[in-house]
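Student: This is what each chain is made of:
Protein chains: 2
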Amino acid sequence: MRAGFIGLGAMGAHMARNLAQQGWLGAVWNRTPATAQALAGELGVACAASPAELAATVDAVLICVSADADVLAMIDALLPGLRPGTLVIDLSTVGSATARAAARRVRERGADFLDAPVTGGVEGARNATLAIMVGGAADTLERARPLLAAMGSRVVHMGDTGMGQAAKAVNQVMCAGINQAVTEALAFGERLGLDMGKLIEVVSGGAAGNWFLDKRGPTMTQDVFRPGFKLALHHKDLKICEAMAEDLGTALPLSTATRQDYERLMAAGHGEEDISALYRLKRPAR
Amino acid sequence: MRAGFIGLGAMGAHMARNLAQQGWLGAVWNRTPATAQALAGELGVACAASPAELAATVDAVLICVSADADVLAMIDALLPGLRPGTLVIDLSTVGSATARAAARRVRERGADFLDAPVTGGVEGARNATLAIMVGGAADTLERARPLLAAMGSRVVHMGDTGMGQAAKAVNQVMCAGINQAVTEALAFGERLGLDMGKLIEVVSGGAAGNWFLDKRGPTMTQDVFRPGFKLALHHKDLKICEAMAEDLGTALPLSTATRQDYERLMAAGHGEEDISALYRLKRPAR
Chain X
1 MRAGFIGLGA MGAHMARNLA QQGWLGAVWN RTPATAQALA GELGVACAAS PAELAATVDA
61 VLICVSADAD VLAMIDALLP GLRPGTLVID LSTVGSATAR AAARRVRERG ADFLDAPVTG
121 GVEGARNATL AIMVGGAADT LERARPLLAA MGSRVVHMGD TGMGQAAKAV NQVMCAGINQ
181 AVTEALAFGE RLGLDMGKLI EVVSGGAAGN WFLDKRGPTM TQDVFRPGFK LALHHKDLKI
241 CEAMAEDLGT ALPLSTATRQ DYERLMAAGH GEEDISALYR LKRPAR
Chain V
1 MRAGFIGLGA MGAHMARNLA QQGWLGAVWN RTPATAQALA GELGVACAAS PAELAATVDA
61 VLICVSADAD VLAMIDALLP GLRPGTLVID LSTVGSATAR AAARRVRERG ADFLDAPVTG
121 GVEGARNATL AIMVGGAADT LERARPLLAA MGSRVVHMGD TGMGQAAKAV NQVMCAGINQ
181 AVTEALAFGE RLGLDMGKLI EVVSGGAAGN WFLDKRGPTM TQDVFRPGFK LALHHKDLKI
241 CEAMAEDLGT ALPLSTATRQ DYERLMAAGH GEEDISALYR LKRPAR
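So the sequence lines, in the order shown, correspond to chains X and V. Using my numbering, the first residue of the first sequence is number 1, and each one after it goes up by one. Using my numbering, the first residue of the second sequence is number 1, and each one after it goes up by one.
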């Protein structure tokens with residue numbers, strides 16, 4: 001099986017490298033051509049001239065872009081080259097409705113589609129320890145499994161098309177709440193005069209232990225907010241989640257509070273920082 | 001070194017067992033005598049007639065009770081038997097001011113005091129994998145370390161007397177926020193029709209991963225709220241934390257929201273359940 005990768009951003013470039021390391025990667029494409037050319041050179045794979053050209057030369061197309069419109073634009077751009085039986089795997093975080101629309105267009109060409117959003121941060125992408133939430137047919141997942149296993153350590157079939165994205169929405173809502181929990185607590189710790197390194201060490205080992213504290217606690221308390229996961233992207237995800245919740249007749253008050261905090265931070269020019277920049281609104285004045 | 005243990009509740013009984021297993025435990029005492037007699041029989045240690053009698057026969061007294069007033073009452077009750085040089089280690093979760101008051105009374109007798117609250121839940125107490133946050137003199141901690149190491153896997157010196165409790169306060173605030181984050185997200189997942197077992201499995205492996213989801217997610221989504229950590233106790237802790245924050249001129253909005261949710265649950269008779277009973281307020285109607 002020969003795979004092609006579209007979208008070589010912070011996450012995508014690491015995932016493409018891991019596919020290459022396992023011998024699966026044949027071609028890459030990126031909206032900014034220089035990025036694709038550099039990575040193609042590094043990995044010794046083809047740099048496709050277009051998504052359609054990439055699709056025409058591989059058995060599986062993996063997509064990792066930022067927004068719903070980007071996913072549908074990429075699908076439309078690769079369709080002219082897409083051959084029956086090709087796997088199209090969308091690793092982006094988008095709405096379930098977008099996943100279903102993408103799947104429809106792909107299946108009209110006799111190809112197969114999985115929504116397979118990931119979690120685990122840049123670290124997980126780099127170390128191939130992502131958790132991957134898959135929606136689509138079980139036999140399609142089995143064909144895709146060697147590729148997904150090259151990028152992640154936990155691959156779970158959540159159900160039909162769109163259910164991978166539904167699980168990812170839950171994940172993003174939980175991340176939003178944990179960001180509030182960790183930043184509120186650490187700011188309290190700073191005000192209490194605690195040694196923040198020791199505090200993070202001991203709290204990580206107990207019932208409040210979490211990935212975000214472990215990975216972002218040490219940096220946020222040093223005023224380092226390098227992404228990681230860009231705040232403006234999480235903001236976009238939370239808007240999708242809130243719309244999904246509204247359709248279900250429910251609300252996500254903690255996510256909404258986080259989304260509103262993100263808007264204050266974006267207005268102040270912090271949208272390109274890591275989501276842990278929420279700490280800016282909580283910490284004692286510097 | 002021969003240790004005595006006061007307070008054989010859900011956490012204390014496990015900690016006493018782990019001390020006994022390492023050969024440190026000489027005596028126990030409990031407010032309900034039958035509990036102490038049963039555990040003393042099980043472990044082959046003395047069942048002291050009073051805290052003072054226990055203190056008179058050991059080199060280290062460990063205390064694990066529920067509230068600030070209980071700690072000070074236990075200190076007063078053991079003082080008549082307390083010999084100079086004895087270690088008094090309070091494992092309870094109380095305010096920093098209570099820790100300082102207890103330390104003063106103990107030091108007046110020429111004995112030494114550590115505040116050493118723990119986190120890691122009943123599981124951590126059972127498996128001796130607690131994280132222990134220690135306040136007090138460094139050399140006192142070094143004397144106590146073999147005892148603490150018998151009960152926990154992470155022992156961190158946070159600073160002077162009271163700083164262990166300050167770290168624990170941060171821990172409790174973080175737990176309060178994580179409870180909101182996990183319950184909001186899982187309730188959203190139920191409404192989306194996701195398989196909750198698979199959802200918890202995949203989300204646990206990524207950037208939203210946390211102890212509480214891992215340990216309490218599978219039970220709360222089955223409407224099982226056996227403690228664990230009693231909701232009414234966390235409520236008590238959060239009131240202490242809010243008072244500490246107010247003294248510092250700050251607020252803990254997410255903790256306050258959780259404390260208020262707990263009050264609704266306590267009014268409905270759920271105070272003796274695990275803190276994950278917060279899910280009752282979030283999940284879809286059954």
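I should point out that these hints are in silico values taken from the structure, not numbers from a laboratory. Among the clues, some could well be false.
[Unchecked claim] Calculated pairs, SDA-like style, for lysine to any residue (alpha carbon to alpha carbon, straight line, at most 20 Å):
1) V/K230 x V/K198
2) V/K215 x X/A149
3) V/K198 x X/A149
[To be verified] Pairwise CB distance ranges (calculated):
4) X/M196 x V/A251: 13 to 23 Å
5) V/E190 x X/M196: 50 to 60 Å
6) X/G193 x V/E108: 23 to 33 Å
7) X/E108 x V/A10: 54 to 64 Å
8) V/A138 x X/A138: 50 to 60 Å
9) X/M196 x V/A138: 12 to 22 Å
10) X/D223 x V/G193: 38 to 48 Å
11) X/G44 x V/R145: 51 to 61 Å
12) X/M196 x V/G23: 30 to 40 Å
13) V/E272 x X/G85: 35 to 45 Å
Note that CB positions come from ideal geometry on N, CA and C, so glycine has one too.
Student: Which hints from the list above does the structure break, by number from lowest to highest?
Tutor: 1, 2, 5, 13
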